[in-house]
Amino acid sequence: MFFTARIKSILPGLLVTLLVAVAAKLAEHAEHVWLGGSWIESLVFAILIGVVVRSLFGLAPHFCAGVKFCGKTVLEVAIVLLGASISAQAIGNAGGGLITAIIATVCISLFFSFHIGRALGLSKHLAMLVACGNSICGNSAIAATAPVIDADADDVAAAISFTAVLGVVFVFILPMLYAGFGLSATQYGIFSGLTVYAVPQVLAATAPAGTLAVQVGTLVKLVRVLMLGPVIFTLALIGGRARETKLPIAQVVPWFIIGFIAMMAARSFGLIPDVIHGGMETTSSFLTILAMAGLGLSVDVRHVLHVGGRVIIAALLSLMFLCALSAGVLALLGSA
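Mapping the sequence shown onto my numbering, position 232 (from 1) lands on 243, and the numbers just tick up by one.
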């Protein structure tokens, strides 16, 4: 009974999300027909169409469960399957230097983003939420950090509202950097993984640069996400609440990260036959487009009008600092 009720609650939103995903594929096909190439990937089209639909027409309550399911659960399954396309050997050349650079980038960005917010007059709680969202993984980091620092609902809403909109806008800007600055696929993947807020946005941003960029960007981003656990624990220690903080393990180490790593290990040890791997890659690609549509349908740009100007400036300056820091990482790594 529960399973049937769950399907009924998800189905309306799932169908709407599927329509947006199909529209995105048709838009990409139209590009090929009319322009002779694919300038905007279907993943980006899915986000854009979803945002436009949500912002112009809103989202009726009975669609919310299905849209959320696509933007979260479907995406997580797609990420796990994506791990099967990545072997540790293929990205092993970066080695410990890249991991160290990711950790250092998160820590430095957290410190400076927090102080940027404070300098602009944001409260300590709001400044920390913006810093965590910017430096780690957007809305997920904000939601996980809020109970640890006792942030109130208004601060959480302000941080999440603009982060959602800015994250989507940044997805459209990043491919221009790839085209304009002559970055290699690996460099672009690293830069995207270090700067983009959320995992699905990394997938959309790196798609124009090809499979290698998607793989590297996703891996870098997932390492950033893994920093959420140590950061939350550190904040709890600073606030004297380490024993009181009992966040679900899924908020600190999401199941899909464990699944991604397991799939990557299986591919590295040759445990996934080629005949299966091809189908997994195709399925992951389809589910990712569906998840992008769900993500777009979850964002209403009108909400940014309710966010204070100082929050907007703090988020923008923090993102600019993170981009500069990530460019420095590329220069130090000398990635090819």
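Just so you know, these hints were derived from the structure itself, not from any lab. A quick note: this is a predicted structure, and the numbers were derived from the prediction, not measured. Be aware that a few hints might be false.
Below, a list of computed lysine to aspartate or glutamate pairs in the EDC-like style, where the Cα atoms sit at most 16 Å apart [as the list claims (entries may be wrong)]:
#1 Lys83 with Glu39
#2 Lys83 with Glu42
#3 Lys79 with Asp311
Across the chosen pairs, the derived CB separations fall in these ranges [unchecked claim]:
#4 Ser20 with Ala342: 16 to 24 Å
#5 Asp311 with Ala115: 31 to 39 Å
#6 Leu46 with Leu248: 39 to 47 Å
#7 Ile119 with His73: 38 to 46 Å
#8 Leu46 with Ser20: 25 to 33 Å
#9 Leu248 with Phe297: 19 to 27 Å
The beta-carbon is built from N, C-alpha and C at its ideal position, and this holds for glycine as well.
Inset, instruction - List in ascending order the numbers of the hints, as given earlier, that are violated by the structure. - result: 1, 2, 4, 6, 8, 9
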